[in-house]
Amino acid sequence: MRLSQAVPVLLIFSVMVFMLMHLLPGDPALAIAGPDASPEAVQKIREQLGLDRPLIVQLLEWFSHLAVGNFGESLTLKQSVISAVGERLPVTLSLSFVSLVVTLPIGIGLGVVAAYWRNSWIDAWVMVLALLGVSLPGFWVGILSVLYFSVQLGWFPPSGYVPLTEGGVGPWLASLIQPAVVLALFQIGFLARITRSAMLDVLDQDFIRTARAKGVDEWTTIAKHAFRNTLIPVVTVLGITLSLLVGGSVVIEQVFALPGIGRLIVQGILNRDYPLVQGTMLLFGFAFVVINILVDIIYTIVDPRVRYG
Amino acid sequence: MAEATILASGEAIAARRRFRVLRKLLHHRSFMAGFIIVAVMVIAALCAPLTGVDPNQMRVRLRFRPPSEVNWFGTDQFGRDLFTRTLYGAQLSLWIGLAVAVLSGVVGAAIGVLSAQFRRLDSLLMRIMDALMAAPAILLAIGLGAALGPQTHSVIIALAVAYIPRTARIVRASALVTRELEFIEAARVSGASSMRIMFKHLLPNASGPLLVQSTFVFAFAILAEAALSFIGIGPPPPAPSWGNIIAEGRQFAVQSWWIMLFPGFAISLAALGMNLLGDGLRDVLDPRLKVES
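Residue numbers (the working numbering), protein chains in the order written: chain A, 1 to 309; chain B, 1001 to 1293.
Careful: at least some of the hints might be erroneous.
[To be verified] Computed, partial: chain B to chain A, Cβ under 10 Å:
id : residue
1  : Met1133
2  : Ile1231
3  : Gly1243
4  : Val1254
5  : Met1260
6  : Ile1267
7  : Asp1279
I should point out that these hints are in silico values taken from the structure, not numbers from a laboratory.
We treat Cβ as the ideally placed atom computed from N, Cα and C, and that holds for glycine.
Working from the sequences, and respecting the hints, build out all of it.
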């Protein structure tokens, strides 16, 4: 059922991305030819790119290319969108991965702790921290963090990325830990708030009282009964968390000059390289449709009551 | 006669309920904290002209002045007074936040109610909403903002479109529950039109979650607008948007840290205020999601 919904969603998304990029102001042919080119030269480039044909023809052609896995050629990078994305994907994936590893235990842990000691000073402090997490602009915290930890203390490199294959785990992690933690602040706040309210709901339920009344020790009650049920609503927001994470990394990559997909898209937009932007956005959309299906599958594992036909 | 009495008492009950909600809000700590923060920022934004300084006036001799009694937040690389620019930035950012919240709220509510009422439209509208949600919201806003050109209204449209799907889903979920209640059945058999059911019954019953969601969208929009300006897709310079001031001050951040410091505080404070306000409204208006405080 989920799969049959995914197809129209992807179709609609593709058309939207296509339309969006053809709204972009400025003529890409003009941008490629340069300001000194003659009108004939610009016209020639336009014909080469197929930009002089009706929109619907361009759209259909685009779809026929997509069908065979061709996401187009970048106008400025002289390479295919797939290979451009492929080159930068490890950076964004590494950043998201490190950030997620920081986010999940801290975010869920803080939420559980706050709910367990509800209305205490612990709860109050955790909620203030969580609120700050979702209120501070990440790129600003990122710049401040570079000023302090890189410029002042010299603990981490201020920018750039060291691939895992080049320097091993140490330098790789050193180049990512700062942006990953900055990125995690928002996620931690978001996840802690959701976990806390989910846990409060569970703690109020009869089966927890039953478990306590029949003498199950407190740790087992919380870890086995309460925590597992808390995870159900938390899993549903996992897709949103990943989406926020990747969205946030688009901005954070600019701050730390990480050559990831976010930088690719922003540079594509600034250079009017619309096949590149189109193709990259589309790959993003495909990825998230798949991720959301996976989240649904995880959901059925965590909560066996739910079954998708 | 009897009908008039019932009507009157109905209105009295509604008025009393409104009064009770208001009293709960007045006693809600985080709501009041958020309310005070937002109110102070709105007043500060409106008072911007009182400084008597042009936010875009350049004074080359006064470049890079650190915070002082004359320039409370210091001056930037063009010698512009940053306190004045931050106040005008508040006008711009709060206006964008409000416009995005209202626009995505109105369109999202309309889409949500329409899909709940007309089952045939439902699957089409929801697939479009799913498609809009396929890419991360900020990415969609970057793409749309770039396509529409660097202007204040294109930022507003881009962010509103990015947040419409979530609002639509929340309103739809609430309207689907309301639709199954008996009084809707009663309204339908007594000949109420779809229009009347949607706007007289479904929408008012979804107003709580809608208001809560719009408050959070306001907070998101302030953060996202700053991020878009920072990337270079916001209101064009020299517009004193908070994101623009930070982006311009970034290259001087090591020597002149004050340029980017204060607008960042302003963004954080505005987002914090709206989030607190939203938490309070959610506790009072949407007891299903009650988070005790």
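Here is what the structure says about each hint:
{"no.": "1", "hint": "Met1133", "in the structure": "holds (8 Å)"}
{"no.": "2", "hint": "Ile1231", "in the structure": "holds (6 Å)"}
{"no.": "3", "hint": "Gly1243", "in the structure": "holds (8 Å)"}
{"no.": "4", "hint": "Val1254", "in the structure": "holds (6 Å)"}
{"no.": "5", "hint": "Met1260", "in the structure": "holds (6 Å)"}
{"no.": "6", "hint": "Ile1267", "in the structure": "holds (5 Å)"}
{"no.": "7", "hint": "Asp1279", "in the structure": "holds (8 Å)"}
In terms of the numbered hints stated before, the structure departs from none.
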